[in-house]
Amino acid sequence: MIINKAANVLLTTCSNCKKEEKILFVTDPTSYEVAKIMWDAASDFPNKALIMMEERNMHGEDPTEIVGHAMRNADVIFGVTKFSLFHSQARKDAVANGARFVNMVDYNTNMMENGGLHCDFEEIGKVCSKVASKLENKKVCKITTDKGTNFTCEIEGIKPNPQYGRSLNPGSSSSPPDIECATCALEGTGEGLIIVDGSIPHPELGLIVEDIKLTVKKGLIVKIEGGQQAKVLERTLKDFNDPNVYNLGEIGIGLNPMCKLNGSMLEDEGCSETLHFGAGDNRGFGGKTASNYHLDIIIKEPDLEVDGEKILDKGRVI
Numbered sequence: 001m002i003i004n005k006a007a008n009v010l011l012t013t014c015s016n017c018k019k020e021e022k023i024l025f026v027t028d029p030t031s032y033e034v035a036k037i038m039w040d041a042a043s044d045f046p047n048k049a050l051i052m053m054e055e056r057n058m059h060g061e062d063p064t065e066i067v068g069h070a071m072r073n074a075d076v077i078f079g080v081t082k083f084s085l086f087h088s089q090a091r092k093d094a095v096a097n098g099a100r101f102v103n104m105v106d107y108n109t110n111m112m113e114n115g116g117l118h119c120d121f122e123e124i125g126k127v128c129s130k131v132a133s134k135l136e137n138k139k140v141c142k143i144t145t146d147k148g149t150n151f152t153c154e155i156e157g158i159k160p161n162p163q164y165g166r167s168l169n170p171g172s173s174s175s176p177p178d179i180e181c182a183t184c185a186l187e188g189t190g191e192g193l194i195i196v197d198g199s200i201p202h203p204e205l206g207l208i209v210e211d212i213k214l215t216v217k218k219g220l221i222v223k224i225e226g227g228q229q230a231k232v233l234e235r236t237l238k239d240f241n242d243p244n245v246y247n248l249g250e251i252g253i254g255l256n257p258m259c260k261l262n263g264s265m266l267e268d269e270g271c272s273e274t275l276h277f278g279a280g281d282n283r284g285f286g287g288k289t290a291s292n293y294h295l296d297i298i299i300k301e302p303d304l305e306v307d308g309e310k311i312l313d314k315g316r317v318i
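Read left to right, the sequence shown gives residues 1 to 318 (full-length UniProt numbering).
Hint data in this document are derived by calculation from the structure and do not stem from the laboratory. Source: prediction; values computed, not measured. A couple of the hints might just be wrong.
To be verified - Derived pair list, reagent style DSBU-like, types lysine-lysine, alpha-carbon separation capped at 30 Å: (1) Lys231 <-> Lys218; (2) Lys310 <-> Lys126; (3) Lys36 <-> Lys18; (4) Lys159 <-> Lys231; (5) Lys82 <-> Lys139; (6) Lys314 <-> Lys138; (7) Lys82 <-> Lys48; (8) Lys231 <-> Lys213; (9) Lys48 <-> Lys139; (10) Lys159 <-> Lys213; (11) Lys142 <-> Lys310; (12) Lys36 <-> Lys138; (13) Lys147 <-> Lys314; (14) Lys217 <-> Lys147; (15) Lys218 <-> Lys82; (16) Lys238 <-> Lys147; (17) Lys314 <-> Lys130; (18) Lys223 <-> Lys147; (19) Lys22 <-> Lys92; (20) Lys223 <-> Lys238; (21) Lys82 <-> Lys36; (22) Lys213 <-> Lys147; (23) Lys5 <-> Lys22; (24) Lys48 <-> Lys142; (25) Lys260 <-> Lys134; (26) Lys288 <-> Lys231; (27) Lys310 <-> Lys147; (28) Lys159 <-> Lys92.
Sequences and hints are given; from them, build the entire structure.
Here it is, written out as structure tokens:
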């Protein structure tokens with residue numbers, strides 16, 4: 001079955017699980033169906049465990065203490081959960097202890113049947129490295145689209161963050177099928193307009209049906225305009241009661257041609273010919289802004305220039 005093939009890709013290509021290793025599946029009631037598929041696919045791995053916990057309330061919220069303890073003692077961890085454990089302290093502690101972490105947030109069987117997991121990770125990885133090299137030691141980033149996006153920021157001193165969708169070395173983390181290369185706008189430097197026409201992976205948003213216009217000044221989203229989804233976005237950010245959620249930090253370039261925009265976080269972030277901005281916490285991308293929230297905002301077919309050199313043409317890597 002195609003689903004079993006995808007599960008095996010996650011166990012081998014994406015994580016290189018070995019029979020002698022301690023493999024942990026962390027899940028919750030919403031994601032249990034996919035976790036059970038992974039458990040069944042791992043029948044050849046004798047030292048494995050599956051832990052069910054109550055769903056978290058938001059991305060980055062820590063799991064229960066007993067789950068955190070298990071994570072710190074595992075060799076490979078699959079986070080098959082509704083809300084991501086990627087930005088949780090438990091994940092950070094586990095990888096600091098040498099674990100490999102595979103983020104499977106908001107997975108569903110359709111993703112495993114038809115999505116980006118069926119890509120050539122090796123070949124796309126080469127493209128990812130190429131993009132990273134083009135972002136290295138650059139100062140100014142400019143992003144435009146035919147729909148009216150016109151955004152500039154400074155990225156001087158930011159080390160590119162290639163994400164290959166694979167956790168092969170101790171202490172590594174990945175979010176397959178998301179293959180992307182990210183950089184980060186320096187605090188206070190982002191200026192311009194962003195026309196959001198792709199998706200915002202959030203339970204109340206997803207695929208964009210009416211473009212959303214974001215005005216950015218001094219690195220912060222200061223105005224949100226559009227239809228009903230714009231109002232939902234405005235309310236969502238406001239409800240966090242944290243001024244740092246308006247910080248526009250991450251700039252991520254999707255590189256997986258097998259991913260399709262569908263409102264699912266990992267498919268959408270990795271979708272080729274797209275670019276996403278991350279609002280909120282940016283410390284994982286070289287920034288200094290701390291927040292309990294990180295929201296990805298995806299646009300289609302962008303042009304991207306760094307220091308005057310064009311890297312993307314309508315989203316395609318040059």
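Quiz item: Within a Cα-Cα threshold of 30 Å, do Lys22 and Lys92 meet the stated pairing?
Solution: Holds: Lys22 and Lys92 sit about 18 Å apart, inside 30 Å.
Quiz item: Are Lys142 and Lys310 close enough, with their CA atoms no more than 30 Å apart?
Solution: 9 Å, holds
Practice problem: For the pair we were handed, Lys5 and Lys22, check the Cα-Cα distance against 30 Å. | Solution: 22 Å, holds
Quiz item: Does the alpha-carbon distance linking Lys238 and Lys147 stay inside the 30 Å limit?
Solution: Since the Cα atoms of Lys238 and Lys147 sit roughly 26 Å apart, the hinted pair holds (cutoff 30 Å).
Quiz prompt | Pair hint outcome, Lys223 versus Lys147 [Cα-Cα no greater than 30 Å] | solution = 18 Å, holds
Quiz prompt | Restraint check for Lys159 with Lys231, where alpha carbons must lie at most 30 Å apart | solution = With a Cα-Cα distance of about 35 Å, the restraint between Lys159 and Lys231 is violated, given a limit of 30 Å.
Quiz item: Is the straight-line distance between the alpha-carbon of Lys217 and that of Lys147 30 Å or less?
Solution: 19 Å, holds
Quiz item: Does the alpha-carbon distance linking Lys231 and Lys218 stay inside the 30 Å limit?
Solution: Judged against 30 Å, a Cα distance of about 22 Å means the pair holds.
Quiz item: Are the Cα positions of Lys82 and Lys48 separated by 30 Å at most?
Solution: 21 Å, holds
Practice problem: With a cut-off of 30 Å on the C-alpha distance, tell me whether Lys82 and Lys36 pass. | Solution: 15 Å, holds
Exercise. Below or equal to 30 Å on CA atoms is what counts here, so check Lys36 against Lys18.
Key: Holds. Lys36 to Lys18 sits at ~19 Å (cutoff 30 Å).
Quiz item: Under the criterion that the straight-line Cα-Cα distance not exceed 30 Å, is the pair Lys260, Lys134 satisfied?
Solution: 25 Å, holds
Checked against the numbered hints above, the structure breaks hints 4, 5, 9, 12, 15 and 24 and satisfies the rest.
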